[in-house]
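2 protein chains.
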Amino acid sequence: MKIALLGYGTVGRGVDEIVSARVPQVEVSRILELPDRLTDPRMTSSYEEILADASVELVVECMGGVEPAHTYIMAALAAGKNVVTSNKAVVAAHFGEFADAARATGASLYIEASVGGGIPWIASIEKVRRVDDVTSFSGIMNGTTNYIVDAMRRDGADFDEVLARAQEMGYAERDPSADVDGIDVLNKTIITASVAFGVACEKGLPASGIRNLRLSDLELFAAHGRTVKLLGRGVSRDGRYAAAVEPVAVAADSLEAAVPSNFNLVTLDATTVGELRFYGQGAGSLPTGNAIVQDVLDCATGARRPVYDFSRGLAYDPSLLRADYVYRTSASIGGGEYAPGAVLVRDLTAQAARALLDEALVTDPTTFMAALS
Amino acid sequence: MKIALLGYGTVGRGVDEIVSARVPQVEVSRILELPDRLTDPRMTSSYEEILADASVELVVECMGGVEPAHTYIMAALAAGKNVVTSNKAVVAAHFGEFADAARATGASLYIEASVGGGIPWIASIEKVRRVDDVTSFSGIMNGTTNYIVDAMRRDGADFDEVLARAQEMGYAERDPSADVDGIDVLNKTIITASVAFGVACEKGLPASGIRNLRLSDLELFAAHGRTVKLLGRGVSRDGRYAAAVEPVAVAADSLEAAVPSNFNLVTLDATTVGELRFYGQGAGSLPTGNAIVQDVLDCATGARRPVYDFSRGLAYDPSLLRADYVYRTSASIGGGEYAPGAVLVRDLTAQAARALLDEALVTDPTTFMAALS
Chain C
1 MKIALLGYGT VGRGVDEIVS ARVPQVEVSR ILELPDRLTD PRMTSSYEEI
51 LADASVELVV ECMGGVEPAH TYIMAALAAG KNVVTSNKAV VAAHFGEFAD
101 AARATGASLY IEASVGGGIP WIASIEKVRR VDDVTSFSGI MNGTTNYIVD
151 AMRRDGADFD EVLARAQEMG YAERDPSADV DGIDVLNKTI ITASVAFGVA
201 CEKGLPASGI RNLRLSDLEL FAAHGRTVKL LGRGVSRDGR YAAAVEPVAV
251 AADSLEAAVP SNFNLVTLDA TTVGELRFYG QGAGSLPTGN AIVQDVLDCA
301 TGARRPVYDF SRGLAYDPSL LRADYVYRTS ASIGGGEYAP GAVLVRDLTA
351 QAARALLDEA LVTDPTTFMA ALS
Chain U
374 MKIALLGYGT VGRGVDEIVS ARVPQVEVSR ILELPDRLTD PRMTSSYEEI
424 LADASVELVV ECMGGVEPAH TYIMAALAAG KNVVTSNKAV VAAHFGEFAD
474 AARATGASLY IEASVGGGIP WIASIEKVRR VDDVTSFSGI MNGTTNYIVD
524 AMRRDGADFD EVLARAQEMG YAERDPSADV DGIDVLNKTI ITASVAFGVA
574 CEKGLPASGI RNLRLSDLEL FAAHGRTVKL LGRGVSRDGR YAAAVEPVAV
624 AADSLEAAVP SNFNLVTLDA TTVGELRFYG QGAGSLPTGN AIVQDVLDCA
674 TGARRPVYDF SRGLAYDPSL LRADYVYRTS ASIGGGEYAP GAVLVRDLTA
724 QAARALLDEA LVTDPTTFMA ALS
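First to last, the sequence lines map onto chains C and U. Numbering-wise (the working numbering), the first sequence opens with residue 1 and increments by one. Numbering-wise (the working numbering), the second sequence opens with residue 374 and increments by one.
Careful, some of the hints might be misleading.
Said to hold, decoys possible - Below, a list of computed lysine to any residue pairs in the SDA-like style, where the Cα atoms sit at most 25 Å apart: (1) U:K500 - C:R322; (2) U:K500 - C:A315; (3) U:K375 - C:T271; (4) U:K500 - C:S285; (5) U:K375 - C:R129; (6) C:K127 - U:V399; (7) C:K127 - U:H467; (8) U:K576 - U:E732; (9) U:K500 - U:A477; (10) C:K127 - U:D506; (11) U:K576 - U:H467; (12) C:K2 - C:T267; (13) C:K2 - C:A21; (14) U:K375 - C:R305; (15) U:K500 - C:R22.
Said to hold, decoys possible - In silico contact screen, one side only, chain C against chain U (beta carbon under 7 Å); selected entries: (16) G118; (17) V131; (18) A222; (19) D253; (20) V273.
These aren't lab readings, by the way, just hints derived from the structure by calculation. Cβ atoms here follow ideal geometry from the backbone N, Cα and C, with glycine treated the same way.
Full structure from sequences and hints, please.
Here you go:
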């Protein structure tokens, strides 16, 4: 099967490398690149040329960002070409539109690489759903923030120092907002909820990150037998669902606590199979490239033709996701004492907890909040 | 698709329950049972009748044990019927023979449920191998022994007490040998190595269990920041492989250490995807039934038609699997002191370590051995 790569950054090169070394039945015949970077005879800067090439059955979008990725994916699906993408931002923003476009022409959309890197997460959820209902999911879905928290805890270093080191090692972007504010995890949570529950998610799901996490917060939770992990979570029952992203103070002997460095761990619960967990490299050119190549092979062999349908109309119900929350803040927000300088507020929805965090941040912009698992 | 169940114990009933509640495209049309237990119109005690029923496209063997399961599976494959089995003993003993028989008639053999219960382990290894070479695997593959070690550690109870409790709760058999002596894990290790490396395994791979584990051994390792888990492991490189089953003293902050109760955790390492780990219920009627139903659906939809080929002729080379070993023994076997009453013997192959254990057991039948991870 002939495929085209849109973008030739780290991920695109990873796909090209894996395909040429290990997958003889697939050929990367076209690559979309900027006009001043056409260093390979397969490269073109004209997307129209790729669209018009009938021999290209599948387009791999690995440019990142919402535009022009969104326009390119829609054009490929409209032309009946299958699409594989690793781009969580564009899928989270336009999943329903892509699903409709794919169904209209019979093309397939493959998004394994958009969540969990090399972990076979999306395909596993789809497989589970052949037999079971997925009742909940949760996961460490962002390697950068896991690396930061893990290194803070292991080395006794503070947030800024570890973030700077992560940036040097290429684990974090120069602008770390998408990672440390939970935006990347929110995109992955939206995609996971869509696949797991069959719903086009509500805009504005509650999300907070670890920007305000201090070493002293980790020490505070350690004294209670806990450590902090940034988790994306979702629940569905009785035709309703909720989802959120927030730091969670997990038990020190939990599997989440044991996840080192920049690894990911994602968990689902389902009717008959029970709890399933998947662990692996959530990023990197080869693991992400591998997930893309697996999607390409699923398409080439016909092993998997995902059809996404969000017409079930699941209602968003924030009351499904509740926990006790700890706020380390100097703001007066009620609650009882959890530790000196930190209060415990019981039985909040994730949405109410995020609203209370916003309130606390007005008075104390250093406030850190975590749910108790 | 019409299927027949061979055996209607816990697993068979689980499959029947899941299929009738959740999988309308599959029908359990025949069930093989003992002549005095024919309580359902679908039941027969004649396997010939099932074989002769051309409408039955697939046979699910969930009787357990080597015979008559082996004969029944061979007869089904010879008749061109697809076979799904959860029976690790029969697959470990006859995998090569089954693979040849399946290839001869174009039938398919599905064995997901034989390792790791509801965890999609076998299908995931096969998927990984479409792109990568699997270079190693390891795992907690037996829920009973994980439950025993976990309960000993959490409750400060000794082996016999916890084993008795596990037997009461139905987590352990009345004769616990297959679990506590590592035989069950050996079968699963053989099957995993066969699928991961493409090899019909050597008979007599080194295997030892946890029968001699005492609470004081766990305390001894805890003082060194470790806990004990029973692991099946395998390695392959340069056209050679090794595999073994043994207790391993893992780091207290490792993912293995965090696996609670009777859960399983299985890990593989592969060329481009790196390390992948899978966690879930390794036994139980619904998780195992789920794995069987997933295999049935893979067959019904054509999503997966496993073809096993062990003709590559990988050589068994025990030197690939080496570690440092701790022996708690009063026998004189050399080595340096690890702790009072326990010696450390460095850089042994798993095979040499098992031989040294046999030597120590002659003098001190209570000897316990664990590899250092």
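Tested hints:
| no. | hint | in the structure |
| --- | --- | --- |
| 1 | U:K500 - C:R322 | 37 Å, violated |
| 2 | U:K500 - C:A315 | 35 Å, violated |
| 3 | U:K375 - C:T271 | 24 Å, holds |
| 4 | U:K500 - C:S285 | 19 Å, holds |
| 5 | U:K375 - C:R129 | 21 Å, holds |
| 6 | C:K127 - U:V399 | 16 Å, holds |
| 7 | C:K127 - U:H467 | 29 Å, violated |
| 8 | U:K576 - U:E732 | 21 Å, holds |
| 9 | U:K500 - U:A477 | 23 Å, holds |
| 10 | C:K127 - U:D506 | 24 Å, holds |
| 11 | U:K576 - U:H467 | 11 Å, holds |
| 12 | C:K2 - C:T267 | 35 Å, violated |
| 13 | C:K2 - C:A21 | 15 Å, holds |
| 14 | U:K375 - C:R305 | 24 Å, holds |
| 15 | U:K500 - C:R22 | 13 Å, holds |
| 16 | G118 | 4 Å, holds |
| 17 | V131 | 5 Å, holds |
| 18 | A222 | 13 Å, violated |
| 19 | D253 | 6 Å, holds |
| 20 | V273 | 4 Å, holds |
When held up to the earlier numbered hints, the structure conflicts with 1, 2, 7, 12, 18 and fits the remainder.
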